[in-house]
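Protein chains in written order, with the working numbering: chain A, 291 to 632; chain B, 32 to 169; chain C, 2 to 383.
Misleading hints may appear alongside valid ones.
What the hints assert, rightly or not - No more than 25 Å apart at the CA atoms, straight line, and that leaves these computed lysine-lysine pairs for BS3-like: (1) C:K160 <-> C:K46; (2) B:K133 <-> C:K160; (3) A:K554 <-> B:K133; (4) B:K133 <-> B:K158.
Derived by calculation from the structure, the hints in this document are not laboratory data.
Being a predicted model, the structure only gives us computed values, none of them experimental.
One letter stands for each residue in the lines below.
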Amino acid sequence: MSQTFIDLESHPVVASIDELLPYMDEGWADRFRRTRFVLPAPQPHPGSDQPLNGTAVPTDPVDAAQAIPDDVRAALLIPAQVLPAAGWCDHALSAVFASAVNQLLVERWLPADARFRLAIGVAPHDPDLAAAEIRRLGSHPGVAAVCTSVISQNLGQRHYEPIFAAAHELGLPVVFHPGGSEGLALGAATLGGVGPRTSEERHALLPQVAAVNILSLIFDGVFSRLPELRVVFAGFGYDWAVGLLWHADMEWRALRIDVPWVTKEPSEYAADHIRLVVDDRGAGPIEHVQNMVANIPETMLVYGSDRPFSHQPAASVLEAVPERIRDRVAHGNAEALLAGRI
Amino acid sequence: MPERGKPERTRVGTLADFAPDTFRIVQVDGNSIGVVRTRDRFFAVLNYCPHMGAELCRGTVSDTTLPTNIPFDYRLGYERSVVRCPWHRWEWDMTTGEAIGKTTSMRVATYHVEVDGDDVYVGQRRKNSAAVREAVAS
Amino acid sequence: MVMHNVAEATETSQTDRRPLTQGLIDCDVHPLITDMSKVRNRMSKRAARRLEVLGHIGGAAREPNRVLHPTGPLRLDAMTPSGGLPGSDPEFTRHELLDPYGVTAAVLVPVQAAAVLPWGDEVAVGEYLAGLNDTLIEEWLSADTRYKLAISVSPHDAKSAVREVERLADVPGVVAINIPLAEVHPGRPALHDLYAAAEELELPVLMHPTGGEGNLLDAPNFAGGLVRTYPEHHIMLAQSGQAAVAGFVLGGVFERFPRLKLVFAEFGFSWVPSLMWRLDANWERTGGAEVTGLTRPPSEMIKDQVRFTTQPLDEPADRRQLDAVFDAVEAGRTLLFSSDYPHWDADDPLVIFNKRLPEPLRERIAWGSAVETFGRLDVDLP
Numbered sequence: 291m292s293q294t295f296i297d298l299e300s301h302p303v304v305a306s307i308d309e310l311l312p313y314m315d316e317g318w319a320d321r322f323r324r325t326r327f328v329l330p331a332p333q334p335h336p337g338s339d340q341p342l343n344g345t346a347v348p349t350d351p352v353d354a355a356q357a358i359p360d361d362v363r364a365a366l367l368i369p370a371q372v373l374p375a376a377g378w379c380d381h382a383l384s385a386v387f388a389s390a391v392n393q394l395l396v397e398r399w400l401p402a403d404a405r406f407r408l409a410i411g412v413a414p415h416d417p418d419l420a421a422a423e424i425r426r427l428g429s430h431p432g433v434a435a436v437c438t439s440v441i442s443q444n445l446g447q448r449h450y451e452p453i454f455a456a457a458h459e460l461g462l463p464v465v466f467h468p469g470g471s472e473g474l475a476l477g478a479a480t481l482g483g484v485g486p487r488t489s490e491e492r493h494a495l496l497p498q499v500a501a502v503n504i505l506s507l508i509f510d511g512v513f514s515r516l517p518e519l520r521v522v523f524a525g526f527g528y529d530w531a532v533g534l535l536w537h538a539d540m541e542w543r544a545l546r547i548d549v550p551w552v553t554k555e556p557s558e559y560a561a562d563h564i565r566l567v568v569d570d571r572g573a574g575p576i577e578h579v580q581n582m583v584a585n586i587p588e589t590m591l592v593y594g595s596d597r598p599f600s601h602q603p604a605a606s607v608l609e610a611v612p613e614r615i616r617d618r619v620a621h622g623n624a625e626a627l628l629a630g631r632i
Numbered sequence: 032m033p034e035r036g037k038p039e040r041t042r043v044g045t046l047a048d049f050a051p052d053t054f055r056i057v058q059v060d061g062n063s064i065g066v067v068r069t070r071d072r073f074f075a076v077l078n079y080c081p082h083m084g085a086e087l088c089r090g091t092v093s094d095t096t097l098p099t100n101i102p103f104d105y106r107l108g109y110e111r112s113v114v115r116c117p118w119h120r121w122e123w124d125m126t127t128g129e130a131i132g133k134t135t136s137m138r139v140a141t142y143h144v145e146v147d148g149d150d151v152y153v154g155q156r157r158k159n160s161a162a163v164r165e166a167v168a169s
Numbered sequence: 002m003v004m005h006n007v008a009e010a011t012e013t014s015q016t017d018r019r020p021l022t023q024g025l026i027d028c029d030v031h032p033l034i035t036d037m038s039k040v041r042n043r044m045s046k047r048a049a050r051r052l053e054v055l056g057h058i059g060g061a062a063r064e065p066n067r068v069l070h071p072t073g074p075l076r077l078d079a080m081t082p083s084g085g086l087p088g089s090d091p092e093f094t095r096h097e098l099l100d101p102y103g104v105t106a107a108v109l110v111p112v113q114a115a116a117v118l119p120w121g122d123e124v125a126v127g128e129y130l131a132g133l134n135d136t137l138i139e140e141w142l143s144a145d146t147r148y149k150l151a152i153s154v155s156p157h158d159a160k161s162a163v164r165e166v167e168r169l170a171d172v173p174g175v176v177a178i179n180i181p182l183a184e185v186h187p188g189r190p191a192l193h194d195l196y197a198a199a200e201e202l203e204l205p206v207l208m209h210p211t212g213g214e215g216n217l218l219d220a221p222n223f224a225g226g227l228v229r230t231y232p233e234h235h236i237m238l239a240q241s242g243q244a245a246v247a248g249f250v251l252g253g254v255f256e257r258f259p260r261l262k263l264v265f266a267e268f269g270f271s272w273v274p275s276l277m278w279r280l281d282a283n284w285e286r287t288g289g290a291e292v293t294g295l296t297r298p299p300s301e302m303i304k305d306q307v308r309f310t311t312q313p314l315d316e317p318a319d320r321r322q323l324d325a326v327f328d329a330v331e332a333g334r335t336l337l338f339s340s341d342y343p344h345w346d347a348d349d350p351l352v353i354f355n356k357r358l359p360e361p362l363r364e365r366i367a368w369g370s371a372v373e374t375f376g377r378l379d380v381d382l383p
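Take these sequences, add in the hints, and give me the full structure.
Put into structure tokens, the structure is as follows:
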């Protein structure tokens with residue numbers, strides 16, 4: 291198959307906190323040391339096919355680049371170690387940490403392979419500090435997106451306005467990815483139902499976080515205010531979008547009076563503004579999966595490898611989508627999304 | 032052309048029979064039709080919501096919110112020509128039969144209304160400009 | 002804009018309203034007790050005062066301004082002839098639902114049971130629910146043998162729940178157990194005695210949104226944070242059902258109670274394939290039968306033991322798009338017809354059967370799966 295891919299979910303890993311301290315002010319570096327700050331481990335999702343603390347996790351960008359197949363023309367670096375900040379209480383520390391990670395990636399990873407692009411990692415609790423970081427790096431030629439995790443406020447609430455405004459200004463899509471605290475820690479996004487839950491249960495319910503935020507973005511009018519904004523959900527799955535969008539359209543037909551700023555079908559907003567990363571073929575019977583996925587607007591799906599936490603070959607992952615849209619998912623939709631940046 | 036044997040119009044009451052914004056449901060040629068007077072206009076619509084077959088004219092007549100680009104900005108419009116289905120609240124513009132906000136391409140059937148002196152008449156079905164689509168076979 | 006593949010309403014559409022003759026079991030119909038003295042008079046003085054203070058309406062209505070329905074939640078055309086609230090008159094419900102649609106049996110799901118979600122007085126919880134059950138038995142089950150009841154039990158205390166189940170299981174017309182989910186995770190051992198009783202007595206455990214979800218502290222959450230608009234809130238009600246399904250699977254409930262049946266009413270079902278497959282993927286990755294203690298894949302457990310009511314049925318532009326979901330969930334096994342009468346978003350049975358469901362599934366969804374799910378249904382079918 292002479293398919294090319296654009297990988298929208300690739301995770302760079304920083305090996306130790308010592309590598310980040312040089313990117314901080316002296317006073318902050320000292321604080322990280324004296325508080326025994328623990329660098330988030332390269333954490334696969336609970337229940338993924340990598341054991342915790344797996345050994346095959348490259349921390350050298352050259353090694354990571356070599357692991358990328360030749361048919362991948364671009365790989366978006368999503369710094370997963372920034373994302374647990376959704377569960378941290380010190381907002382200033384979170385911002386300093388994110389900035390140090392970004393700077394390390396800009397200086398050491400981007401030069402290692404022309405295919406690498408950076409999703410600027412920001413901590414979600416202080417949206418003004420996040421917006422400042424987006425503006426600091428947003429024009430760098432190696433930057434193609436912003437990434438963060440969701441907290442206990444939905445994306446349509448005012449809290450995120452500075453983040454979205456900065457990203458919109460710079461033409462950058464915003465990628466949301468789980469941070470690991472969902473359904474566990476106060477202040478991070480909750481999950482449906484009640485706990486305590488097993489890790490498999492939390493993994494099973496993670497898509498709910500993306501679902502509620504897709505609805506919030508649409509029904510709370512974010513795309514009315516920011517018509518060029520694109521939002522990506524990576525690591526949350528994708529086939530659940532079928533029922534969600536059908537139901538959202540149905541509610542709109544009945545309740546438009548109350549949301550008159552939603553001037554077209556919710557699924558049309560999703561087709562224009564929302565992207566879901568397909569990084570896992572899943573366990574369903576392939577024909578059933580394809581038939582479900584066929585009901586998702588074609589523009590919405592984008593491929594991601596989830597390297598180094600997943601070893602599913604891209605061709606295997608894309609079996610989940612009907613053949614007629616595989617090219618779009620493999621690279622076409624991502625090209626449109628990252629236009630000008632790759 | 033009206034069908035042979037079908038009257039061109041049917042008398043459905045006098046002006047005094049129609050309280051403002053309140054449907055009167057009448058039988059015309061075997062069809063249940065709701066007739067309502069709003070702000071000195073008359074509307075007649077088939078008493079059947081195309082969504083799920085509710086008695087549309089047991090719903091309400093009102094203005095509704097205008098489409099906007101500004102979240103949480105509510106402005107009213109449509110000059111009381113909106114009928115809202117009592118079931119799922121789908122809203123229809125009685126001047127055209129179309130759905131408010133273009134939420135669907137389905138339409139409600141509307142009829143001509145004539146006021147002749149004191150008498151109110153329901154006339155023929157109003158033609159609609161878009162093509163009618165085939166029903167999904169049951 | 003959705004280009005619906007249906008005709009403009011024509012005069013002839015009005016004539017397709019003959020009752021269904023094939024048999025129809027409506028698995029989600031809502032009665033309403035408006036004269037609460039009937040329930041209060043069955044309670045002790047100590048417990049009755051809780052009712053006065055905290056009210057008898059479910060969680061959503063406790064603070065009526067928390068999530069406002071855009072045009073009001075009551076279906077004005079379902080008000081009773083005497084001016085009563087929708088669902089308050091079994092004669093009127095018979096006239097509006099049972100007779101015109103050819104309903105063979107209607108499973109009554111009392112939303113007022115949800116009042117107990119935030120109650121701290123467990124004695125009052127037990128007495129109130131018993132009073133509610135007895136009042137519904139007296140007023141509705143006696144009004145028409147087509148009415149069947151899901152009796153309500155405490156979501157906080159399994160012992161109290163089991164007592165109530167044992168008290169009423171043999172009352173003719175009692176067909177299920179309604180548990181308004183609250184702060185106890187449904188998969189946890191704390192509730193297993195209830196499931197044992199339900200399995201033993203062949204009563205499915207039924208769950209339905211309470212209005213407490215994403216609203217009250219001691220109720221199931223929505224994911225994320227507070228929602229702002231009613232459409233979001235309404236769509237998110239599915240999430241407590243999704244979480245409960247996952248919780249039952251991973252809590253080993255289906256493993257321990259292989260004959261237990263669960264009914265999820267009004268949570269939808271288009272999300273079921275995705276959740277099933279996600280649970281299966283985890284089950285495989287974490288070691289399958291040998292390691293997890295779950296000897297069947299989660300998708301098999303769900304298809305064997307969980308049933309979902311059809312309302313609200315999604316409305317894609319082409320109804321054949323639903324086939325993808327029907328196939329994935331094995332709809333002939335897992336779906337039960339429901340109207341949700343008299344709520345504002347109810348589904349019309351004639352439309353569902355004549356225009357939305359594929360012909361091969363109609364009998365199963367109309368009554369076939371229901372008679373298998375509700376062991377005590379006791380109906381005559383054509």
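Now the hints, each set against the structure:
no.: 1; hint: C:K160 <-> C:K46; verdict: holds, 22 Å
no.: 2; hint: B:K133 <-> C:K160; verdict: violated, 54 Å
no.: 3; hint: A:K554 <-> B:K133; verdict: holds, 8 Å
no.: 4; hint: B:K133 <-> B:K158; verdict: holds, 19 Å
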